Amino acid sequence: MRGGRLLRMLAALGLTSAAVAATGTPAAAAPQPMGRCTSTSGAVLAVDFSHWGGPVLRSCGTTPTTGYELLNQGGWSTTGTGHDGPAFICRIGYSGFQRGRQYPTPAQDDCVLTPPASAYWSYWHADPGARDWTYSQLGAMLYKPKPGSVDLWIFGGTDIQGTEGRPKVTPDQLRAHNTRPQGDAGKPASTHKAPTLPPDADTGPAPERRTPPPSKTVSPQQKQGPRTSEKPKAPKPSKSPTGKPSTPAPAASRTGTRVVNAEPAADAEHDAGSLLPVATGAGLVVLIGGAAGYVAYRRRRAG
Amino acid sequence: MSAVARTTVAAAPPATVPGAGGRRLPRTLHPVAWWVWALALATAVSRTANPLLLFLVLAVLGYVVTARRTEAPWARGFKYYLYLALTVVAIRVVFRAVFATGITPHDHFLFSLPHLPTPDWYAGIRIGGPVSLEALLSSATDGLRLACMMCCIGAANTLANPKRALRVLPGALYELGVAVTVAISVAPQLVQSVQRVARAKRLRAARAHGTKALRGIVVPVLEDALERSLRLAAAMDSRGYGRAGTATRRSRRVTGALMLLGMCGLCAGAYGLLDATAPAFLGLPAMSAGAALCVAGLRLGGRRVTRTRYRPDPWSLPEWAVAGSGVLSAVLLFANLGYDPAQLNPSFYPLTWPGLPLVPTAAILLAGTAGSVAPPPTPAPAPAFARRATTP
Chain A
1 MRGGRLLRML AALGLTSAAV AATGTPAAAA PQPMGRCTST SGAVLAVDFS HWGGPVLRSC
61 GTTPTTGYEL LNQGGWSTTG TGHDGPAFIC RIGYSGFQRG RQYPTPAQDD CVLTPPASAY
121 WSYWHADPGA RDWTYSQLGA MLYKPKPGSV DLWIFGGTDI QGTEGRPKVT PDQLRAHNTR
181 PQGDAGKPAS THKAPTLPPD ADTGPAPERR TPPPSKTVSP QQKQGPRTSE KPKAPKPSKS
241 PTGKPSTPAP AASRTGTRVV NAEPAADAEH DAGSLLPVAT GAGLVVLIGG AAGYVAYRRR
301 RAG
Chain B
1 MSAVARTTVA AAPPATVPGA GGRRLPRTLH PVAWWVWALA LATAVSRTAN PLLLFLVLAV
61 LGYVVTARRT EAPWARGFKY YLYLALTVVA IRVVFRAVFA TGITPHDHFL FSLPHLPTPD
121 WYAGIRIGGP VSLEALLSSA TDGLRLACMM CCIGAANTLA NPKRALRVLP GALYELGVAV
181 TVAISVAPQL VQSVQRVARA KRLRAARAHG TKALRGIVVP VLEDALERSL RLAAAMDSRG
241 YGRAGTATRR SRRVTGALML LGMCGLCAGA YGLLDATAPA FLGLPAMSAG AALCVAGLRL
301 GGRRVTRTRY RPDPWSLPEW AVAGSGVLSA VLLFANLGYD PAQLNPSFYP LTWPGLPLVP
361 TAAILLAGTA GSVAPPPTPA PAPAFARRAT TP
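Chains A and B are the protein sequences, given in the same order. Position 164, counted from 1, in the first sequence is what the UniProt record's numbering calls 164; the numbers after and before it change by one each time, with no gaps. Position 25, counted from 1, in the second sequence is what the UniProt record's numbering calls 25; the numbers after and before it change by one each time, with no gaps.
You can take every hint at face value.
So the derived list for chain B, only partly shown, Cβ under 7 Å to chain A, looks like this: (1) A49; (2) F55; (3) A59; (4) G62; (5) Y63; (6) T104; (7) D142; (8) A342; (9) S347; (10) Y349; (11) T352.
I should point out that these hints are in silico values taken from the structure, not numbers from a laboratory. These numbers come from a predicted model, not from an experiment. Note that CB positions come from ideal geometry on N, CA and C, so glycine has one too.
Could you put the whole structure together from the sequences, leaning on the hints where they help?
See the structure below:
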C-alpha cells in the first residue's frame with residue numbers, strides 16, 4: 001500500500017521534472033561523406049579494425065554531436081554491456097565491413113560485464129592542429145567532439161601510465177585536410193539522420209565555442225590534396241619526444257595501417273526476434289512451477 | 001524359513017528399483033551431493049544472462065526444493081531466499097535508474113528522474129535523467145542472474161543438513177566444525193526458547209504487550225540461553241573437546257606454520273590470478289604451493305585427532321546422479337557446443353525477444369532431474385503400497 005503510493009509519487013515527480021526541465025535542442029547530427037569534413041568543420045570518426053585484419057575506417061559527421069552519435073549513424077553501430085548499459089562501448093560494427101558484424105564477436109567477449117583493461121575499445125581524441133592523441137576523459141555519450149577534430153577508437157589494452165596501447169596512426173593521417181567541403185556540395189548531405197533525443201536527455205557538457213578561422217589563414221601544410229591520407233603513409237610513432245610537425249611521407253609505407261573511407265550507409269536492419277522461444281520458455285517454467293505446486297500440495301495434505 | 005524369504009523378496013524391490021511403481025526407502029541424500037549440485041548450477045547460471053534460462057533455473061530450484069526438502073528448521077527457509085532475490089533485483093533496477101547510464105535515440109523512453117547537475121570535473125557520473133525501457137529490462141536481467149545464484153546457495157542450505165555437511169571436514173578442522181555447528185543451531189534454539197516462554201506467559205494470563213512484557217520474555221530467554229550453553233560446555237568437556245591429544249608442542253607449531261603459509265600462498269595466488277598485470281609467479285604457482293601447504297598442514301593436524309563416525313552418510317548411486325546432473329549442466333553451458341553463445345547473453349539494445357537455445361535448456365532440465373533421482377527424505381505421502389509391502 002505504502003509502496004504503491006511511493007511509486008506514484010516518484011512517477012509524478014519524474015513526470016513534472018520532465019515537463020519542467022528545459023528540453024535541450026535536439027541533436028542534428030548527421031553522417032556525411034568523408035569529403036564534407038574539412039580541417040575546421042565536421043568531426044572525423046576513425047575506428048581501427050586491424051585487430052581483426054581490417055583497415056582503419058574513417059567517416060565524417062556534422063557537429064554538434066557526441067562521440068556516441070558519431071558511432072551510431074551512417075551504418076555504424078555499437079553494443080554496450082549488460083552491466084553498464086549502451087554508454088560503455090563494448091562492440092563496434094560498420095555495415096560496410098564484414099557485413100556489419102560487430103567486433104569483438106560474442107565468442108571473444110560476451111559483453112555482460114565491463115571488459116578487462118587488456119582488451120577493450122579505447123577512445124582517443126585529437127583536437128584541430130593537435131599532433132598527438134589524448135586519451136578521452138569522458139565516455140562516448142558525454143564527450144562532444146570539436147569541429148575539425150578526430151575521434152579514434154582502437155581495440156587493445158592500455159595502462160594507467162599511458163605508455164601502452166597508444167594509437168599507431170597519427171592524427172594527421174586521419175584528419176580531413178581540405179579547406180572546403182568536397183563532393184556533392186549542392187544537395188543535402190544525407191537523409192540518415194539520428195532520431196531526436198527524448199526530453200531532458202543529458203548530453204553532457206556543452207562543446208567549446210570555437211570561432212572557425214577564415215579560410216584565408218589556412219596554413220600551407222593543411223593545403224594538401226583532399227584525399228592524401230587515403231594512400232598508406234608511414235605511421236609516425238606518436239611518442240616522439242620532439243614534437244616536430246609530421247611531414248607526410250608518401251613513400252615509406254608500413255603494413256598494418258590502411259586508412260579507408262567509410263561512406264554513410266543505411267543502418268543494418270533490426271530483427272526483433274520471434275515470440276515462439278519466449279512462449280516455449282514460459283510454458284516450461286509454468287509446467288515445472290505447476291509440478292512444484294502439486295508436490296507442495298501433496299506434502300501439505302500428507303503432513 | 002519360507003516366511004523370511006517371502007518378506008525379503010517383498011521388501012527388497014522397493015528399496016532398489018525406483019521405477020516399477022515401487023517407492024524407495026526414504027533417506028536424506030549426502031549433503032555434499034546437494035552442495036556440488038547447487039554450486040554447479042550456480043556456476044552454470046553465471047554463464048548466462050538470458051531471462052528465459054534464468055526463470056527456468058528458478059523453476060527447477062523451486063521444484064527440487066519442494067520435492068526433496070526435509071521438515072527441519074533450516075529446510076523451511078527457501079522462501080526467504082526468494083524474497084532476498086527479489087530485493088536484489090529491485091536494488092539493481094533502482095540503481096540503474098538513478099545512476100543513469102545514458103539514453104540513446106533508439107531507446108523506448110519511459111520516464112525521467114530529476115537530474116542533478118554535476119561539475120565538469122565530475123562529469124563522468126550522472127545522477128538522474130531519462131530512463132529507458134531497455135535500461136530497466138537489462139538491469140532487471142542482470143539482477144536476476146545474481147538472484148538466481150543466491151537462490152542456488154539457498155537451495156543447498158535448504159536441502160542439505162548443515163550438521164551432517166560439517167562432518168566431512170578433515171579431522172584437523174573438527175573442532176572448528178563443532179564450533180560452527182553450535183553457532184548455526186543458536187538461532188532456531190532462540191526462536192524455540194522465545195516461543196516456549198511466550199506460551200508459558202499466556203498460560204499464566206500475563207500481560208502480552210508493552211515494555212514490561214518484553215522484559216518478561218527477554219530475561220527468561222537469556223537465562224535459558226546461558227544455562228543451555230553451560231550444559232553444552234560441560235557435555236563437550238566431558239567428551240574431550242579441545243584436548244591436544246598426543247601432539248607435541250613442536251608438531252602443533254609446525255601445523256600452525258604450515259597452515260599460515262598455505263593461506264598466504266592461496267591469497268597471493270588468488271590475487272595473481274585475478275590481476276592481469278601481476279607477475280607470473282604469483283598466479284598458479286603460488287596458488288598450487290599454498291594449496292599443497294594447506295593440505296600438508298591439515299594432514300599433520302588431522303593425525304592427532306582420531307575420530308570414529310557414527311552412522312556415516314553413504315555415497316551411492318543417487319549421490320552420483322545428483323552431483324553429476326549439476327556438474328553436467330555446468331559443463332554443457334560452458335562447452336559452447338551446439339548453440340550460438342550470443343543466445344546466452346541476449347542484448348536489449350535494441351529490444352529483441354530472447355531466444356531459447358536448445359542445449360542450455362536441456363542442461364537446466366537435466367539438473368532438475370535431481371528432484372526425482374534423489375531419494376525422498378520423508379516417508380512417501382501415499383502409504384497404500386508401503387502398507388502392503390510391510391504387512392504381508
